[in-house]
Amino acid sequence: MLTTSDHGRVRLLTFDRPGALNAMNNDLYWAAADGLTAAADDPGVAVVVFTGNGRAFCAGNDMSEMGGGNSSTVSAGRGNGFGAFTDGLISYRKPVVAAVNGLAVGIGFTMLAHCDLVLVAESARLKAPFPTLGVAPEAASSVSFPVVMGQQTAAYYLFTAEWMSAEAAVACGLAWKVVADDALLPDALALAGKIAAMPIPSLVETKQLMVAGRVDALMAARARENDAFGRLIGAPANREAIAAFLEKRPADFTSLPEV
Amino acid sequence: MLTTSDHGRVRLLTFDRPGALNAMNNDLYWAAADGLTAAADDPGVAVVVFTGNGRAFCAGNDMSEMGGGNSSTVSAGRGNGFGAFTDGLISYRKPVVAAVNGLAVGIGFTMLAHCDLVLVAESARLKAPFPTLGVAPEAASSVSFPVVMGQQTAAYYLFTAEWMSAEAAVACGLAWKVVADDALLPDALALAGKIAAMPIPSLVETKQLMVAGRVDALMAARARENDAFGRLIGAPANREAIAAFLEKRPADFTSLPEV
Amino acid sequence: MLTTSDHGRVRLLTFDRPGALNAMNNDLYWAAADGLTAAADDPGVAVVVFTGNGRAFCAGNDMSEMGGGNSSTVSAGRGNGFGAFTDGLISYRKPVVAAVNGLAVGIGFTMLAHCDLVLVAESARLKAPFPTLGVAPEAASSVSFPVVMGQQTAAYYLFTAEWMSAEAAVACGLAWKVVADDALLPDALALAGKIAAMPIPSLVETKQLMVAGRVDALMAARARENDAFGRLIGAPANREAIAAFLEKRPADFTSLPEV
Numbered sequence: 020m021l022t023t024s025d026h027g028r029v030r031l032l033t034f035d036r037p038g039a040l041n042a043m044n045n046d047l048y049w050a051a052a053d054g055l056t057a058a059a060d061d062p063g064v065a066v067v068v069f070t071g072n073g074r075a076f077c078a079g080n081d082m083s084e085m086g087g088g089n090s091s092t093v094s095a096g097r098g099n100g101f102g103a104f105t106d107g108l109i110s111y112r113k114p115v116v117a118a119v120n121g122l123a124v125g126i127g128f129t130m131l132a133h134c135d136l137v138l139v140a141e142s143a144r145l146k147a148p149f150p151t152l153g154v155a156p157e158a159a160s161s162v163s164f165p166v167v168m169g170q171q172t173a174a175y176y177l178f179t180a181e182w183m184s185a186e187a188a189v190a191c192g193l194a195w196k197v198v199a200d201d202a203l204l205p206d207a208l209a210l211a212g213k214i215a216a217m218p219i220p221s222l223v224e225t226k227q228l229m230v231a232g233r234v235d236a237l238m239a240a241r242a243r244e245n246d247a248f249g250r251l252i253g254a255p256a257n258r259e260a261i262a263a264f265l266e267k268r269p270a271d272f273t274s275l276p277e278v
Numbered sequence: 020m021l022t023t024s025d026h027g028r029v030r031l032l033t034f035d036r037p038g039a040l041n042a043m044n045n046d047l048y049w050a051a052a053d054g055l056t057a058a059a060d061d062p063g064v065a066v067v068v069f070t071g072n073g074r075a076f077c078a079g080n081d082m083s084e085m086g087g088g089n090s091s092t093v094s095a096g097r098g099n100g101f102g103a104f105t106d107g108l109i110s111y112r113k114p115v116v117a118a119v120n121g122l123a124v125g126i127g128f129t130m131l132a133h134c135d136l137v138l139v140a141e142s143a144r145l146k147a148p149f150p151t152l153g154v155a156p157e158a159a160s161s162v163s164f165p166v167v168m169g170q171q172t173a174a175y176y177l178f179t180a181e182w183m184s185a186e187a188a189v190a191c192g193l194a195w196k197v198v199a200d201d202a203l204l205p206d207a208l209a210l211a212g213k214i215a216a217m218p219i220p221s222l223v224e225t226k227q228l229m230v231a232g233r234v235d236a237l238m239a240a241r242a243r244e245n246d247a248f249g250r251l252i253g254a255p256a257n258r259e260a261i262a263a264f265l266e267k268r269p270a271d272f273t274s275l276p277e278v
Numbered sequence: 020m021l022t023t024s025d026h027g028r029v030r031l032l033t034f035d036r037p038g039a040l041n042a043m044n045n046d047l048y049w050a051a052a053d054g055l056t057a058a059a060d061d062p063g064v065a066v067v068v069f070t071g072n073g074r075a076f077c078a079g080n081d082m083s084e085m086g087g088g089n090s091s092t093v094s095a096g097r098g099n100g101f102g103a104f105t106d107g108l109i110s111y112r113k114p115v116v117a118a119v120n121g122l123a124v125g126i127g128f129t130m131l132a133h134c135d136l137v138l139v140a141e142s143a144r145l146k147a148p149f150p151t152l153g154v155a156p157e158a159a160s161s162v163s164f165p166v167v168m169g170q171q172t173a174a175y176y177l178f179t180a181e182w183m184s185a186e187a188a189v190a191c192g193l194a195w196k197v198v199a200d201d202a203l204l205p206d207a208l209a210l211a212g213k214i215a216a217m218p219i220p221s222l223v224e225t226k227q228l229m230v231a232g233r234v235d236a237l238m239a240a241r242a243r244e245n246d247a248f249g250r251l252i253g254a255p256a257n258r259e260a261i262a263a264f265l266e267k268r269p270a271d272f273t274s275l276p277e278v
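Chains as they are written, first to last, in this note's numbering: chain A, 20 to 278; chain B, 20 to 278; chain C, 20 to 278.
Here chain A stands alone, though its shape is the one from the complex (with noise of 0.2 Å):
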């Protein structure tokens, strides 16, 4: 699910589902929550390090789960994964680095503007499909997305589910440098170590403060997002995007129902 590893004062989380592309099911999601709390709780740890093994940084949610099943046991019972995982990062306490090695779709884009600094391998690609899902954004990203990509710039990925390039997501402010994919992984570390150098009672401060400036509208975008949310799943335009994905034909959402 999740492999852990420490490099110096440096806290590496790697997605490990590689044969589902790390997508997020239940447990993936609550491993990574409690890889945050067990490094925020870590007093010899300054950075945490997101990376993914694989082709895939984070597919984004596991299809066989969405709609509130959860195929996994052993999260049975702790509820909401998705929820812990994407509040916890986005409170987070210390400095956060993504590593993006590959695809990342949904939560693995979306979980990128909540950190402090995005790595992405020259390779990777990002996409956004809600729409294409009958859904609506998710992770704050409805509220994250403008202010760290621009207004102009979210409107296009959220609305259209296009492909966004690595060169697009540093031009865009999304992410910090565009890496040889062989060198991400390297560069990543080196770039926390450098953090990691600092005191921690100084990062954590620091990081502390600049989370104080945003949360109060990511949670309520949060909140927001889940009523869209409640609204669109198994409504008519999720019901056929799901129908069209296990058909393998294009969905078509201009003959549904007019609403």
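Since the list gives no way to pick one copy over another, a pair counts as held whenever it fits inside one copy or between any two copies.
Lysine-lysine pairs mimicking DSBU-like chemistry, simulated, CA-CA at most 35 Å apart: (1) Lys196 to Lys213; (2) Lys267 to Lys146; (3) Lys196 to Lys146; (4) Lys213 to Lys146; (5) Lys213 to Lys267.
Treat the hints as calculated values from the structure; they're not laboratory data.
Following the hints, put chains B and C in place on chain A, whose structure we already have.
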């Protein structure tokens, strides 16, 4: 005043007072506000596109109605069309694309910060002339311009009233792409059509989520700007601006009584 | 301390402690705060320009006064000049241009996010050294830097305390233009003069409208930053930073007691 046509699920609204460079009088404000409302209420419309007929997108407020005059008869008794149009656009529930075909002055410029995706023809030029008229920013641009363009760019154009080029509009984040003049409308309709292929409920929820993150700040700006306008209209600088305009001479604001 | 001169309707304020690289002691903070107040109250002043005499714009807080010491006599009994200057600049009612002629460190860097238009000499370099001193961001930079520079850029410079080049300052949105060192002051005065040709009431209303959109968030950041500073000053990392400075050795923050 305003020409309406449908292209699949895209509603095209064309400012159509070419003899007046599409300057906004109260009739045109109301026509645009009504056009927005009709498109919002039409279940077959997914996306609205604004453009202008002739060599201007919109030349700003019709100077002949400055100071509250209303030369029109059509909108007589309907009150302030500027507010209806601006507030309607700020809180609009469907995606809005702008195809800026030429001069965009005053409201023709400031409205763009409330459009989701702005395409600018390479010959387009934009201007916020407020200080040269002895007034101050309107249509929430005192807040939207810093957010959308960046603080320095907004300050430059709001304080100097300089022309902004199409390239500068894209570079600062106000616009999405510069396109060749001949390609503007086809490209805008193609972009809008790509969005319009998505399910309308997803588009509406997405747009409303994005609006919810900024609408309070924008409406607060609108109220403050109205107060400022009330203090400035008819004051010495505004009177000098109007006199200079009528006398076809440059205004001189440096010899006004000090305040 | 601070040299004042008028150029038409432009008030030039020059930090003038070149022997100390224009480091801010309490006297200079108060001189700058008083200079701002006098220019705000002078009906003949439209725009304020800040620059520095010598090879620095401003080298930050005078280290000899760190921790609350006040080595000056002029400002004795006047209290915290830092707060008076910073809060005065954040809520200033007239346009402010900065001409960054050289080193801009600490407050010399963070104050720029509250200036409307920043010109940087090509040889200028900027730094936010807070974590290397065991402290955290000040002058509302924990909120202003993400807004003005973008979230990733702000995180990089606030967490690493790296030097920012003049080009990078423009690329990220903190500054408006890079100019040749020799052209800096003439260009800044020309830009300020262009603004100063506009009616002062329009400039004041415009600036106040822009400030109104951000002042609450900035003042909330100021309060949080003051609290953080109180927790960090005199704590182990800050003591190690000061000891290393006095002993002319690199600080080592990784062997401090964990917190």
